[in-house]
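Peer 1: Sequence:
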Amino acid sequence: MNPTPFELLAERASARPFFLGFRLAEFAARESLDDAALAAQLGCDVATLAHVRMCRAPRTESSAVFGEDVTCVATKFGLNVRALADATKLVPAAIVRDATSLEPAGAVLAARDRSDVP
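Residues in the sequence shown are numbered from 3 upward in steps of one, following the working numbering.
Hints should not be assumed to be uniformly reliable.
What the hints assert, rightly or not - Computed spacing ranges between beta-carbons, pair by pair: (1) Arg14 x Lys78: 18 to 24 Å; (2) Thr6 x Ala66: 32 to 38 Å; (3) Ala66 x Arg14: 18 to 24 Å.
These aren't lab readings, by the way, just hints derived from the structure by calculation.
Glycine included, each C-beta is placed from N, C-alpha and C at the ideal position.
Generate coordinates for the entire structure from the input sequences, incorporating the hints supplied.
Peer 2: Listed below in structure tokens is the structure:
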């Protein structure tokens, strides 16, 4: 079955941290979930996932605003609030870790044969 244009857009949005799809994709990859398993865990059907992915990712300034955002999305699409929160709360730490890395992506450290070279 060919994906609809909206599903393709949601897939592209999943590559951007601004969208909820990004966090869901990271969660699904960590947990080795396909779309059907992810939808089942969230409590929705696969067709609803594209709409969920297009939502803004929950804000992380505080647990209160995070909870408000998660509850809003879960209510809108009939998702399990706890499952959505669990799927979206772990990723920001990984993003921050990657963003604060001291080495640029793809950097390689070379070994030195001599100890007198600074």
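Peer 1: Work down the list of hints and note, for each, if the structure agrees.
Peer 2: Here is what the structure says about each hint:
At roughly 21 Å, the beta carbons of Arg14 and Lys78 sit within the given window of 18 to 24 Å. Between Thr6 and Ala66 the beta carbons are some 36 Å apart, a value that agrees with the proposed interval 32 to 38 Å. Distance hint check: the CB atoms of Ala66 and Arg14 are about 31 Å apart, inconsistent with the given range 18 to 24 Å.
Hint violations for this structure: number 3 only, all remaining hints satisfied.
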